[in-house]
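Protein chains in written order, with the working numbering: chain A, 1 to 285; chain B, 286 to 648; chain C, 649 to 932.
Everything labelled a hint here was simulated from the structure, so no lab data went into it. Among these hints, one or two may not hold up.
No more than 16 Å apart at the CA atoms, straight line, and that leaves these computed lysine to aspartate or glutamate pairs for EDC-like [to be verified]: (1) Lys-398(B) / Glu-411(B); (2) Lys-119(A) / Asp-688(C); (3) Lys-402(B) / Asp-456(B); (4) Lys-178(A) / Glu-265(A); (5) Lys-357(B) / Asp-335(B); (6) Lys-119(A) / Asp-775(C).
Chain C is nowhere near these chain B residues, computed Cβ spacing over 12 Å in every case [claimed, not checked]: (7) Pro-362; (8) Arg-517; (9) Pro-529.
Here the structure is a predicted model, which means the values were calculated and not measured. Note that the Cβ used here is the ideal one computed from N, Cα and C, for glycine as well.
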Amino acid sequence: MMRPRMTRLPIPTARARALAAVLAAGALLPAVLTGCAPAGGTTAGADERTGARPAGTITVFAAASLKGTFTELAHAFEAANPGSSVTLSFAGSSDLVGQISQGAPADVFASADAANMQKLQDAGLADGTPRNFATNTLAIAMPPGNPAGIGSLKDLARPGVKLVTCARQVPCGAAAAKVAEAAGLELRPVSEENAVTDVLGKVTSAEADAGLVYATDINAAGGKVAGIGFAESQGAVNTYPIVATTTSRNKATAQAFLDLVTGAEGQKVLAAAGFGPADASGQGK
Amino acid sequence: MTLSYQAVVAGRGFDVALTVRPGETVAVMGPNGAGKSTLLSSIAGLLRPDSGRAELNGRTLFRLGHEAGGGKQAWTPPHLRGTALLAQEPLLFPHLNAADNVAFGPRSTGTGKHAAKERAVRWLAEVGVEDLAGRRPAQLSGGQAQRVAVARALAADPALLLLDEPLAALDIHSAPLLRRLFKRVLAGRQAIIVTHDVLDALMLADRVVILEDGKVAEEGPTREVLERPRSRFAAGLAGLNFVPGVLDAAGVRTAGGLEISGHAEELEPGPGEPDLPPTPGSPGVAVFPPSAVSVFLDDAHGSPRNSFPVTITDLEPHGDQVRVRAGGLAADITPAASADLALVPGMTVHFVVKAAAVSVYGT
Amino acid sequence: MPPGSTPHAYTAIPGWVRALAVVAAVVVVLPLLAMVLRVDWTHFVPLVTSESSLTALALSLRTSAASTVLCIVLGVPLAVVLARDTFRLQGLLRSLVLLPLVLPPVVGGIALLYTFGRQGLLGRTLDVLGLQIAFSTTAVVLAQTFVALPFLVVSLEGALRTSGSRYEAVAATLGAPPGIVFRRVTLPLVLPGLASGAVLSFARSLGEFGATLTFAGSLQGVTRTLPLEIYLQRETDPDAAVALSLVLVAVAVAVVALAYRRPAAARTGSGRTTAAAPAGGNVT
Numbered sequence: 001m002m003r004p005r006m007t008r009l010p011i012p013t014a015r016a017r018a019l020a021a022v023l024a025a026g027a028l029l030p031a032v033l034t035g036c037a038p039a040g041g042t043t044a045g046a047d048e049r050t051g052a053r054p055a056g057t058i059t060v061f062a063a064a065s066l067k068g069t070f071t072e073l074a075h076a077f078e079a080a081n082p083g084s085s086v087t088l089s090f091a092g093s094s095d096l097v098g099q100i101s102q103g104a105p106a107d108v109f110a111s112a113d114a115a116n117m118q119k120l121q122d123a124g125l126a127d128g129t130p131r132n133f134a135t136n137t138l139a140i141a142m143p144p145g146n147p148a149g150i151g152s153l154k155d156l157a158r159p160g161v162k163l164v165t166c167a168r169q170v171p172c173g174a175a176a177a178k179v180a181e182a183a184g185l186e187l188r189p190v191s192e193e194n195a196v197t198d199v200l201g202k203v204t205s206a207e208a209d210a211g212l213v214y215a216t217d218i219n220a221a222g223g224k225v226a227g228i229g230f231a232e233s234q235g236a237v238n239t240y241p242i243v244a245t246t247t248s249r250n251k252a253t254a255q256a257f258l259d260l261v262t263g264a265e266g267q268k269v270l271a272a273a274g275f276g277p278a279d280a281s282g283q284g285k
Numbered sequence: 286m287t288l289s290y291q292a293v294v295a296g297r298g299f300d301v302a303l304t305v306r307p308g309e310t311v312a313v314m315g316p317n318g319a320g321k322s323t324l325l326s327s328i329a330g331l332l333r334p335d336s337g338r339a340e341l342n343g344r345t346l347f348r349l350g351h352e353a354g355g356g357k358q359a360w361t362p363p364h365l366r367g368t369a370l371l372a373q374e375p376l377l378f379p380h381l382n383a384a385d386n387v388a389f390g391p392r393s394t395g396t397g398k399h400a401a402k403e404r405a406v407r408w409l410a411e412v413g414v415e416d417l418a419g420r421r422p423a424q425l426s427g428g429q430a431q432r433v434a435v436a437r438a439l440a441a442d443p444a445l446l447l448l449d450e451p452l453a454a455l456d457i458h459s460a461p462l463l464r465r466l467f468k469r470v471l472a473g474r475q476a477i478i479v480t481h482d483v484l485d486a487l488m489l490a491d492r493v494v495i496l497e498d499g500k501v502a503e504e505g506p507t508r509e510v511l512e513r514p515r516s517r518f519a520a521g522l523a524g525l526n527f528v529p530g531v532l533d534a535a536g537v538r539t540a541g542g543l544e545i546s547g548h549a550e551e552l553e554p555g556p557g558e559p560d561l562p563p564t565p566g567s568p569g570v571a572v573f574p575p576s577a578v579s580v581f582l583d584d585a586h587g588s589p590r591n592s593f594p595v596t597i598t599d600l601e602p603h604g605d606q607v608r609v610r611a612g613g614l615a616a617d618i619t620p621a622a623s624a625d626l627a628l629v630p631g632m633t634v635h636f637v638v639k640a641a642a643v644s645v646y647g648t
Numbered sequence: 649m650p651p652g653s654t655p656h657a658y659t660a661i662p663g664w665v666r667a668l669a670v671v672a673a674v675v676v677v678l679p680l681l682a683m684v685l686r687v688d689w690t691h692f693v694p695l696v697t698s699e700s701s702l703t704a705l706a707l708s709l710r711t712s713a714a715s716t717v718l719c720i721v722l723g724v725p726l727a728v729v730l731a732r733d734t735f736r737l738q739g740l741l742r743s744l745v746l747l748p749l750v751l752p753p754v755v756g757g758i759a760l761l762y763t764f765g766r767q768g769l770l771g772r773t774l775d776v777l778g779l780q781i782a783f784s785t786t787a788v789v790l791a792q793t794f795v796a797l798p799f800l801v802v803s804l805e806g807a808l809r810t811s812g813s814r815y816e817a818v819a820a821t822l823g824a825p826p827g828i829v830f831r832r833v834t835l836p837l838v839l840p841g842l843a844s845g846a847v848l849s850f851a852r853s854l855g856e857f858g859a860t861l862t863f864a865g866s867l868q869g870v871t872r873t874l875p876l877e878i879y880l881q882r883e884t885d886p887d888a889a890v891a892l893s894l895v896l897v898a899v900a901v902a903v904v905a906l907a908y909r910r911p912a913a914a915r916t917g918s919g920r921t922t923a924a925a926p927a928g929g930n931v932t
């Protein structure tokens, strides 16, 4: 489905400055994907300098739901650290863990759930303890106009409502099952998708009346879906951990990027995209 | 019970009118590309002429283009025409055995399974291969397959049988047997046979039509056409030298100024032709057999003889003679004479022919 | 002459061609071998006989069979029209029909969504008629038919062109109307091509993933075919995914082997005038 997409960000100083200004204002910025710059730009080895200042290239593998925020943060990072370059690869967390295990050159891994982070740790590829940097809760996405008149979680169990969720095997599906169980509801989805993006696709095309997705996904979809939160979502809060990999060849820069994400600037960007604050006590469950 | 046919296929320069009378077999001959296949295809309904009209036994096959006048165009699809087509290759359906191939026509036109089978067996017997009824086409020799194909065409009970060089693909052993079979089954049957073999025309056809460049060059009873060819192609078929020109008092004068004397033939007028004696100044031909031509190294004038200088293009064996080709003409001489004269291609010699051996007639 | 009757006939194949042929074979075979080596054989049987796996396999076989039938019903007439008829924009139509061969399946899924989906071109009409295709097994069959149809059309059109129309012409002059010619001459002559096309369509349907996921969704027993099940299992249980992949490979191998087994055997009666298309020889 979603193939990992490599996005190499060039370092246009003027635009980065403008971006930084926007970030300072705390405004939400739509993800700006610049596409693939020609290969042969700055390479890690050539520019790498030992010292306090982060430089060189790092590759960040991040969960698909982080696409908008991490693209912004990568721009900000490059602007703040001239000579550095961040390559981003977005995909489902389990795909990413699989790729890193098979030797993909990742310096940083940001997972959408603890379970996949645990897989990386079990493989001995996590450098130190992962840090939780964001949380996400479920929300109900509806096609614009809300044709089925969904107003609450209970409405999803109404006969005739075409509900789409994630499959239990993926984090968003596990969360949906947990929420439904806690609310004592029996949900009968017409489709159990592999990824949030597939759920959103069914909702934006109005094939489905409602979908259970993360609050941030509704934000990111802009006007293409309507969304409502629900109190029961607090029963299944999803935590996002981030860690540097043991195979990183640019640990200083990787660490600096981690600091940016978990620091005030990163948190501001994440909050603007609809992510909740992380439990500060390390890796949550 | 007559086929009347007239059609134009502009793209192929084809413009032919033809009549086949009841029970008559017509041979169509002509060089490659003369329009023989176009003729058969358009009668069978596999090719749509630009204009023309054709009727078979009162049924309209087609009425197209300006021939339809202001009236409506008409087109009868192939399966309703009753014109079975037998090609050079048998084209037996490879997935059906011989009997089922022969039964195909009757079955397709609504005959019951049992009756069709009986008819198939009868026709297979008629062509002498009833013992091959259960064989697949792949298990038949070329001659056997063509016999089955003949049975298949006849079992369809066609009003007009179209034969497109049906013997051309057969080896020298099968062809004579098949020719005898055709002689038998075509007797009294309305048919058109396209052939390159003058023997087919003589044995099988009542009448021959010579096509050249999409037009009818001549037609008539087979023997007459071969004896008094009025087209170069027919003369070639009959193995005769053919010199076209303009009639004059003594014989024929060619466009190149050559004078050939001969004896004028009284021609029987063809059907519908005006009964006019050949008049000087009108087009005519001089025709003579290669065996009447002698070859000399010098101009040996002795009257009444024709002598013309020619350059040898080819020497080839012809039976127990040597055929000398030169200037578009042929002479048959003995090998001894050829050796005596030391003939080789490129040599200039004189072809000499007695006036008595030259037929001259108008065309 | 039957194929392979001269065992040691001279063949002019340069050494480097043989070498590259070996490389090509390795490119195809090695990944399959690598997968087989990864199979957890001790748990293989429980992994592939779990309820969800069997449900997915049964659904895959059922939908692939249905889409193959649909491919034959619709593809045969299309191939005949493309091979025998001449009309304006014929070349364009042929290119468009072949498009799903090269189109990413997900694009096919999106296209189907905008055709048969609730908001799609025909969706509203179908909705009025009480037909809802999205999220149903019908949607799976439609998606599979969409991607598999070109395989049947291409291989059958090739067979039709090779066999030529001369037998049909003869049949017509023997008095057979077009319907009988089609049934008793055209179809039997291209049966090998039709069979190989149908098998390819079945195999393609069996492997269909992207269009199904985009258009039909994924629900156990309804729309979650074996490839979707494998993709989902991979999230949590890679061993199960590998085991199921092997099952899919085995089914595909069985199907293809069945179709390509002794291609000459399916063509008895091919005399010197017959020229049946090589099985599947005209794909791409």
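Going down the list of hints, with the structure as the test:
Between Lys-398(B) and Glu-411(B), the direct Cα distance comes to roughly 20 Å. Violation of the 16 Å bound is thereby established for this hinted pair. With a C-alpha separation of about 19 Å, the suggested pair Lys-119(A) and Asp-688(C) falls outside the 16 Å cut-off, and the hint is violated. Simply put, Lys-402(B) and Asp-456(B) have alpha-carbon atoms about 30 Å apart, too far for the 16 Å limit, and the pair is violated. For the suggested pair Lys-178(A) and Glu-265(A), the alpha carbons sit about 32 Å apart, so the restraint of at most 16 Å is broken.
Pair hint Lys-357(B) plus Asp-335(B) holds up; C-alpha atoms about 14 Å apart against a cutoff of 16 Å. Distance check on the hinted pair: Lys-119(A) and Asp-775(C) sit about 46 Å apart at the alpha-carbon level, beyond 16 Å; violated. The claim that Pro-362(B) is not at the interface with chain C is violated, since a C-beta of that chain comes within 12 Å of its own (minimum 7 Å). No beta-carbon of chain C comes within 12 Å of the beta-carbon of Arg-517(B); the shortest separation is about 32 Å.
Listed as a non-interface residue, Pro-529(B) keeps its Cβ farther than 12 Å from every Cβ of chain C; the least gap is roughly 39 Å.
Checked against the numbered hints given earlier, this structure breaks hints 1, 2, 3, 4, 6, 7; the rest are met.
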